[in-house]
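Trainee: Sequence:
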Amino acid sequence: MSDEIKVLKGTKITAEEAAKLDRSKMLVATGAPQEEKEVEGQWWHRAWAHCPWCGHVGYVVFNEQWRHEHWVTCGHCGNGYRTWG
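Using numbering that gives the first Met the number 0, you'd call the opening residue of the sequence shown number 0 and step up by one each time.
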């Protein structure tokens, strides 16, 4: 794990995109860092994500497999958005 702090800038998604998303597979931006869990063979990244809807900056944890596009649910307003990282 890196001690570097990253803030992923979120971009709004359309209502059509939001309707197609599977919320169970989305990251959730919480208000505080989540407890770290050791899982053998997996590399987890941690970052802060900025919600374009309400401005909330929430903490997200994602697997290295998701290095490009991330779909996030804001833990404050509940809206979905896209980040890249």
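Simulated from the structure, these hints should not be mistaken for lab results. Bear in mind the structure is a predicted one, so any value in this text is a computation, not a measurement. Worth double-checking, as some hints may not be accurate.
[What the hints assert, rightly or not] Straight line, CA to CA, 27 Å or less: simulated DSS-like cross-link-like pairs of lysine-lysine:
| no. | residue 1 | residue 2 |
| --- | --- | --- |
| 1 | Lys24 | Lys5 |
| 2 | Lys11 | Lys24 |
| 3 | Lys24 | Lys8 |
| 4 | Lys8 | Lys19 |
[To be verified] What follows is a list of derived Cβ distance ranges for each label pair:
| no. | residue 1 | residue 2 | range |
| --- | --- | --- | --- |
| 5 | Ala14 | Trp43 | 30 to 38 Å |
| 6 | Glu15 | Arg45 | 28 to 36 Å |
| 7 | Asp21 | Val60 | 15 to 23 Å |
| 8 | Glu15 | Trp43 | 17 to 25 Å |
| 9 | Arg45 | Ala14 | 26 to 34 Å |
| 10 | Gly54 | Trp83 | 15 to 23 Å |
| 11 | Gly54 | Thr13 | 30 to 38 Å |
| 12 | Ala17 | Gly54 | 13 to 21 Å |
| 13 | Val60 | Leu20 | 12 to 20 Å |
| 14 | Thr10 | His44 | 29 to 37 Å |
| 15 | Pro32 | Cys53 | 17 to 25 Å |
All C-beta atoms, glycine included, are put in the ideal place defined by N, C-alpha and C.
Trainee: Is the straight-line distance between the alpha-carbon of Lys11 and that of Lys24 27 Å or less?
Mentor: holds, 18 Å
Trainee: Between Val60 and Leu20, is the Cβ distance one that fits in 12 to 20 Å?
Mentor: At roughly 19 Å between Cβ atoms, Leu20 and Val60 fall inside 12 to 20 Å, so the hint holds.
Trainee: Taking 13 to 21 Å as the stated bounds, is the beta-carbon spacing between Ala17 and Gly54 within them?
Mentor: Check passed, 18 Å falls within 13 to 21 Å.
Trainee: Could you grab the alpha-carbon distance between Lys8 and Lys19 and see if it respects the 27 Å cut-off?
Mentor: The given pair, whose Cα atoms are some 22 Å apart, holds under the 27 Å limit.
Trainee: Mind checking the hinted window 30 to 38 Å against the Cβ distance between Ala14 and Trp43?
Mentor: holds, 31 Å
Trainee: Verify the CB-CB distance for Arg45 and Ala14 against the hinted window 26 to 34 Å.
Mentor: holds, 30 Å
Trainee: Given the hint of 15 to 23 Å, check if Asp21 and Val60 actually sit that far apart at their C-beta atoms.
Mentor: holds, 18 Å
Trainee: Does the hinted range 17 to 25 Å hold for Pro32 and Cys53 at CB?
Mentor: holds, 20 Å
Trainee: So the hint says 28 to 36 Å: do the beta-carbon atoms of Glu15 and Arg45 match that?
Mentor: holds, 31 Å
Trainee: Does Lys8 sit within 27 Å of Lys24, going by the straight-line distance between their CA atoms?
Mentor: holds, 19 Å
Trainee: Taking only the CA atoms, is the gap from Lys24 to Lys5 under or equal to 27 Å?
Mentor: Given that 27 Å is the threshold and the Cα spacing comes to 22 Å, the pair holds.
Trainee: Is it true that Glu15 and Trp43 lie within 17 to 25 Å of each other by Cβ?
Mentor: Violated, at about 31 Å.
Checked against the numbered hints listed earlier, the structure breaks hints 8, 11 and 14; every other hint is satisfied.
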